[in-house]
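Visitor: Make the full structure from the sequences, and use the hints.
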Amino acid sequence: MTGSRSKSIVIWAFVVTALLMLSAPTIVVLGASFTAGNIITFPPEGLSLKWYGAIAQASDLRQAFFRSLIVATICTLISIPVGTLAGIALSKYRVRFARTIQIYLLLPFTIPLIGSGIGMMLVFGEMGALGKLWPVGIATCVINLPFMIWAVTASASNLSPDLELAAANCGAPPLQRFLYITLPAVLPGIITGSLLMFILALNEFLVSLLLVDARSVTLPVQIYNSIRSIITPDLAAISVVFIACAGVAIALLDRLVGLDIFLKSK
Amino acid sequence: MRHSRVAYPLTWRVMDVFERLAAAVWPSSFQRGLPYLMLLPAVVLVGLLVLGLIQIGDSSLRTLDTSTFMMSENYTLANYQRALSEKFFATVAGRSLMGAVIVTVITLIFAFPYAYLMVRTPSSALRKFLLVALFLPFFIGQVVRAYGWLIILGNQGMVNEALGLVGVPPMRLLYNYPAVLFGLVQYMLPFAVLMLAPALTAIPAELESAASSLGAGWVRTFRHIVLPLARPGLVGAGLVVVTLSLTDFAIPAILGGGSQDFIANAIYDQFFRTSDQGLGATLSLLLVAVGSILVGVVFMLFGAGTLAMGDERK
Chain L
1 MTGSRSKSIV IWAFVVTALL MLSAPTIVVL GASFTAGNII TFPPEGLSLK WYGAIAQASD
61 LRQAFFRSLI VATICTLISI PVGTLAGIAL SKYRVRFART IQIYLLLPFT IPLIGSGIGM
121 MLVFGEMGAL GKLWPVGIAT CVINLPFMIW AVTASASNLS PDLELAAANC GAPPLQRFLY
181 ITLPAVLPGI ITGSLLMFIL ALNEFLVSLL LVDARSVTLP VQIYNSIRSI ITPDLAAISV
241 VFIACAGVAI ALLDRLVGLD IFLKSK
Chain S
1 MRHSRVAYPL TWRVMDVFER LAAAVWPSSF QRGLPYLMLL PAVVLVGLLV LGLIQIGDSS
61 LRTLDTSTFM MSENYTLANY QRALSEKFFA TVAGRSLMGA VIVTVITLIF AFPYAYLMVR
121 TPSSALRKFL LVALFLPFFI GQVVRAYGWL IILGNQGMVN EALGLVGVPP MRLLYNYPAV
181 LFGLVQYMLP FAVLMLAPAL TAIPAELESA ASSLGAGWVR TFRHIVLPLA RPGLVGAGLV
241 VVTLSLTDFA IPAILGGGSQ DFIANAIYDQ FFRTSDQGLG ATLSLLLVAV GSILVGVVFM
301 LFGAGTLAMG DERK
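As they're listed, the protein sequences go chains L and S. UniProt numbering numbers the first residue of the first sequence as 1 and each following residue consecutively. UniProt numbering numbers the first residue of the second sequence as 1 and each following residue consecutively.
Keep in mind that the hints were calculated from the coordinates and are not lab data. The beta carbon of each residue, even a glycine, is placed where N, CA and C say it ideally should be. A few of these clues could be false.
[To be verified] Quick list of in silico lysine-lysine cross-link-like pairs, DSS-like style, CA-CA up to 30 Å:
1) L:LYS7 - S:LYS128
2) L:LYS264 - S:LYS128
3) L:LYS264 - L:LYS7
[What the hints assert, rightly or not] Facing chain L, according to a computed beta carbon distance under 7 Å, are these residues of chain S, among others:
4) LEU48
5) ILE140
6) GLN142
Guide: What follows is the structure, encoded as structure tokens:
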């Protein structure tokens with residue numbers, strides 16, 4: 001870095017404040033989940049794991065968590081083929097109206113989440129599918145699909161078209177070229193994209209809230225419904241599940257593709 | 001020449017069958033249609049949103065009959081008139097718009113040094129730490145984060161308890177406008193940093209060295225070199241933060257405690273509290289329109305590459 005002492009002081013001041021803001025809720029939730037008291041106090045009343053025992057007994061929380069897992073799995077399973085094919089098509093081929101198609105495929109980001117959610121609520125309601133889990137899975141897939149397409153196009157740009165031509169020259173038919181050349185080249189993008197899709201669907205709150213009914217609440221909705229004015233530590237303990245999932249996802253992302261890909265300039 | 005049967009492995013034969021199948025389903029004369037076929041599933045999925053918008057448009061033209069609680073059969077513009085004339089909605093819209101602008105400015109002020117340090121630091125350990133600190137809250141979800149703030153800022157929360165130890169009476173830190181804005185800034189920081197970082201990576205560090213060797217202090221270097229070159233990133237990040245905070249639901253709902261509703265909360269209430277689907281649909285459509293106009297204006301002013309969907313590569 002070029003610059004003087006004053007520059008690093010100013011930059012660090014902002015960064016430390018930002019770090020505090022970013023991590024405070026996570027650290028506090030973690031700490032609160034280990035409290036021995038019945039309400040969250042400061043300073044804490046001692047350590048215990050009793051709230052983890054309590055949530056392990058609570059079948060409604062456990063079921064809500066499983067529902068969230070199902071939703072995230074449906075979302076990821078749909079997004080992998082759909083996003084991969086679209087991403088490869090956009091980056092590898094010359095497509096007519098490419099510009100229009102790109103803007104169209106960005107709709108999930110440009111339409112506000114509440115608009116998308118309400119719209120899909122009406123559509124699925126018309127189909128009589130509200131209260132089931134698959135519409136939630138599809139909906140979370142739709143609203144986050146641009147992430148998947150972005151991840152695949154970003155890694156498809158590393159693929160040289162010469163490689164496929166060389167394979168064709170050696171006699172590889174189209175399907176083999178796709179399976180052995182194209183697909184491995186975009187695999188880091190597919191991994192990044194599917195991890196993002198899974199974790200975002202696991203956490204998705206607003207669209208879930210609109211699409212579920214009392215019998216099919218997902219975990220974020222369950223936590224939201226249970227937040228009252230008195231803050232009890234069992235919610236903190238169940239929130240730690242999300243923190244653990246996020247930690248696993250980050251570790252996987254770093255291990256498989258490296259977090260640095262998010263810093264690459266286009 | 002005949003191939004020896006033994007030298008031709010089973011997997012190859014299986015692949016041959018698949019190749020023949022693929023060729024039968026999609027002969028090479030259809031080759032030019034292939035990319036469109038590959039795009040089709042994505043187009044269909046996103047089509048759900050378009051269908052949804054059509055449904056919303058349809059509902060927005062029907063009014064609620066309060067005696068039967070049925071939607072009217074014929075179309076009217078009464079909902080739009082109500083949405084645009086009632087003072088309550090103007091208050092909510094003003095609160096959301098002003099909040100979005102304030103949140104965007106504060107978020108960018110904090111996100112910029114964060115992204116800059118992350119991109120420029122020579123230490124890869126620090127870079128990884130900053131990235132993890134960014135992704136962890138991003139991956140945890142809004143509800144849990146807002147819950148964390150409740151524990152910290154609540155009436156019996158950590159801050160008030162700590163203040164109580166030194167004899168300061170408890171303060172009401174939650175359920176007000178600043179609390180909502182604060183929560184939104186925290187929610188938006190990862191988005192803003194992740195949009196800024198690639199733009200900053202694209203600025204060669206040598207440019208800054210050159211500026212400082214020519215005698216520019218770091219403040220001048222920042223103002224005249226880094227900021228102008230980072231403009232695409234700043235615009236993209238700003239756009240994302242404005243639209244996301246303008247339309248957020250969870251943070252105003254949890255940290256605002258019902259007294260600081262944003263537009264999304266008003267829409268939700270129309271659907272689930274008052275059950276006035278028509279008015280709710282109207283508000284949704286107006287919000288979609290405002291969001292699209294915002295995105296459209298920014299695209300027109302700065303180019304559609306702003307959202308960096310891997311499009312300008314080709």
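Visitor: Any of the earlier hints contradicted here, and which numbers?
Guide: none
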